[in-house]
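*Asks:* Model the full assembly from the supplied sequences, consistent with the hints where possible.
Going down the list, the sequences are from chains B and E. Heads up, the working numbering is the position in the first sequence plus 158, with the first residue counted as 1. Heads up, the working numbering is the position in the second sequence plus 1, with the first residue counted as 1.
No lab work stands behind these hints: they were computed from the structure. Quick caveat, the model's predicted, so the values are computed rather than measured. Keep in mind that the hints are not guaranteed to be accurate.
[As the list claims (entries may be wrong)] Computed footprint of chain B on chain E; a stretch qualifies when at least three of its residues, placed anywhere within it, have a C-beta under 8 Å from a C-beta of chain B: (1) 17-26; (2) 29-38; (3) 92-103; (4) 127-135.
[As the list claims (entries may be wrong)] Simulated DEER-style distance windows between Cβ atoms: (5) B:R173 with E:V139: 35 to 45 Å; (6) E:V216 with B:M159: 53 to 63 Å; (7) B:R334 with E:G247: 48 to 58 Å; (8) B:R227 with E:M196: 54 to 64 Å; (9) E:F31 with B:R374: 52 to 62 Å; (10) E:G247 with B:D353: 52 to 62 Å; (11) E:P150 with B:P262: 57 to 67 Å; (12) B:R227 with E:F31: 20 to 30 Å.
Just so you know, even glycine gets a beta-carbon here, dropped at the ideal spot from N, CA and C.
This is what each chain is made of:
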Amino acid sequence: MIALEALSKDFGATRAVNALTATIERGQVTGFLGPNGAGKSTTMRMILGLDAPSSGRALVNSVPYAQLRYPLQVLGAHICGTAGHPGHTPRTFLASLAQSNRIPATRVDEVLADVGLQSVGAQRIGGFSLGMRQRLGIAAALLGDPEILVLDEPMNGLDAEGIVWIRQLLRARADRGGTVFVSSHLMSEVQQVADQLILIGRGELIAQAPTRELIRQFTQQVITVRSPQLAALAGLLQQQGIELNTAEDRLEVIGLPLENIGALAFAHGIELHELSVAHGSLENAYNQLTHGMVEYSAESARGAGSK
Amino acid sequence: MSTLQIKESASGYLGAELLAAARAEAAKFFGLRSLLWLYALGIALSIALGWLLGASAKASGDNGFDAAMPAPLMVFATLQFGQLFFAAAAALHITSEYSSGTITTSLQAVPRRGLLLAAKALLLSGLGFAAGVALIGVGTIPAALSAGPYGTFTFSDLVSACLGAGTYLALLSLMVLGLGLLCRNSAGAIVSAIMLVIGLPQILQLIPFQWVQTVADYLPSNAATFMATGATEPYGPAAALLVLAGWAVALLGAGYVSLKLRDA
Chain B
159 MIALEALSKD
169 FGATRAVNAL
179 TATIERGQVT
189 GFLGPNGAGK
199 STTMRMILGL
209 DAPSSGRALV
219 NSVPYAQLRY
229 PLQVLGAHIC
239 GTAGHPGHTP
249 RTFLASLAQS
259 NRIPATRVDE
269 VLADVGLQSV
279 GAQRIGGFSL
289 GMRQRLGIAA
299 ALLGDPEILV
309 LDEPMNGLDA
319 EGIVWIRQLL
329 RARADRGGTV
339 FVSSHLMSEV
349 QQVADQLILI
359 GRGELIAQAP
369 TRELIRQFTQ
379 QVITVRSPQL
389 AALAGLLQQQ
399 GIELNTAEDR
409 LEVIGLPLEN
419 IGALAFAHGI
429 ELHELSVAHG
439 SLENAYNQLT
449 HGMVEYSAES
459 ARGAGSK
Chain E
2 MSTLQIKESA
12 SGYLGAELLA
22 AARAEAAKFF
32 GLRSLLWLYA
42 LGIALSIALG
52 WLLGASAKAS
62 GDNGFDAAMP
72 APLMVFATLQ
82 FGQLFFAAAA
92 ALHITSEYSS
102 GTITTSLQAV
112 PRRGLLLAAK
122 ALLLSGLGFA
132 AGVALIGVGT
142 IPAALSAGPY
152 GTFTFSDLVS
162 ACLGAGTYLA
172 LLSLMVLGLG
182 LLCRNSAGAI
192 VSAIMLVIGL
202 PQILQLIPFQ
212 WVQTVADYLP
222 SNAATFMATG
232 ATEPYGPAAA
242 LLVLAGWAVA
252 LLGAGYVSLK
262 LRDA
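*Replies:* What follows is the structure, encoded as structure tokens:
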């Protein structure tokens, strides 16, 4: 289990992470979602004690990471772009990590096979592609068979098959009771595998909730209706079992297309002053941060939901 | 529960953890051909130059000049150049971790920074010592052969040169490890190491004030000479060892503070 307690990090005048509080639980895959530069890597580096928090703290199984004895046996992590020295072979790289944490040397070949790199175990890392480096980084994370996995953008550079593989891997670790914390800047990468999502933007927590719940909020349309005959319209909608929020001067209708409300009002001679659609507030917040980067994923989820 | 574990690890298990971390550092060092090449070239250079110095001593001696010197000290003198190979290896061992990003992995494996530094220091000083002993031990043979009667030496000459070269290269490696942690950059660390052991002594020589010369006597490369030659002026081998150790403690200490306080 990982606990973030009001974790903050300043780089000069820039606040990269601002009072982030969240819990990453056992037995679940927790997706860590946010646009590039949102503070995901910085947060992960603070969990690992690589960067010191400006305030707050990050705890791994209730202690700071640096107090773990042979930490690779407790928490395996892969931080983007840091898999080995180009002059080393994967075997040397993994064997040195194994020695430092008293992990049996036999694990080196096991994890190389797990990630599909056994045939290149004696080649130098310098010649590896991005995808191979990602796999090597994941091998290093798995080396100590840790209960906790922290992976920073592990799907970067992986092909379609690799992405399926890593989803299965994350799922299997979580199902065995492990803690899995995986970051991504794309909703589409994590929504299929994450049970829980932590959304951040500009270093701040936007939401932490089950994935299903967040996707519902993302794809939900809220229709605002203004009418002098509000009560009559609300009655009609309630008869059909439609979810609504009533405010003083307007109705917010959830889960019914705009056209249907218009038609219903027209059929009953109800005068309308406003009939407008707004997407979920969460989606708006995230879209503003990502400049529409997530739009495709939200669109496809919406399309799938209406069928 | 967790407090108890921490207390135990702080005392009883620290040695085991240090040993594990040092073995990992050794695996990293021996896994890099470039570092092995630097060590091999450093040793080869000392052996070759020792032979050359021996031949030169013989030629001078045969022509009536007094150039006799114990053969082990001829080999020691070659370290003026050869030391750079060992310094470069010590610098690269740490700075290549920063350039390749593997320092993050190293600190994940050994998050206590003092422990990681102790492991690196243990490895580099051990290798430096072994290289110093080896290059004197092996290099004395060709130097003695080429110098003939002008290179005669006693067993104690050989031992003090071996220990002197080993100790110097061990402490030099620690100084450069400290510089590497301060610079985090290969070029910066190597240039500052060259300045420390070669540049500064030569620059200070050009300054015609007595006190500057006195300061120059305390630079690492000069202290190393006083240590290995068993000098009495300006200070003896024991004081020279203290001077070298002082440099190593100061630079490694500064490197430790940098490693401890800065984000990786």
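*Asks:* Against each hint, give a clear statement of whether it holds in the structure.
*Replies:* Now the hints, each set against the structure:
1. 17-26: Per the Cβ count (7), the hint holds.
2. 29-38: n = 5 at 8 Å, threshold three: holds.
3. 92-103: holds (count 5)
4. 127-135: violated (count 0)
5. B:R173 with E:V139: 35 to 45 Å: With Cβ atoms ~59 Å apart, the hint is violated.
6. E:V216 with B:M159: 53 to 63 Å: Taking Cβ atoms as reference, V216 (chain E) and M159 (chain B) lie about 57 Å apart, which means the hint holds.
7. B:R334 with E:G247: 48 to 58 Å: holds, 54 Å
8. B:R227 with E:M196: 54 to 64 Å: Violated, at about 41 Å.
9. E:F31 with B:R374: 52 to 62 Å: For R374 (chain B) against F31 (chain E), whose Cβ atoms are near 56 Å apart, the range 52 to 62 Å holds.
10. E:G247 with B:D353: 52 to 62 Å: holds, 58 Å
11. E:P150 with B:P262: 57 to 67 Å: holds, 59 Å
12. B:R227 with E:F31: 20 to 30 Å: holds, 26 Å
Hints 4, 5 and 8 from the earlier list are contradicted by this structure; the remaining hints agree with it.
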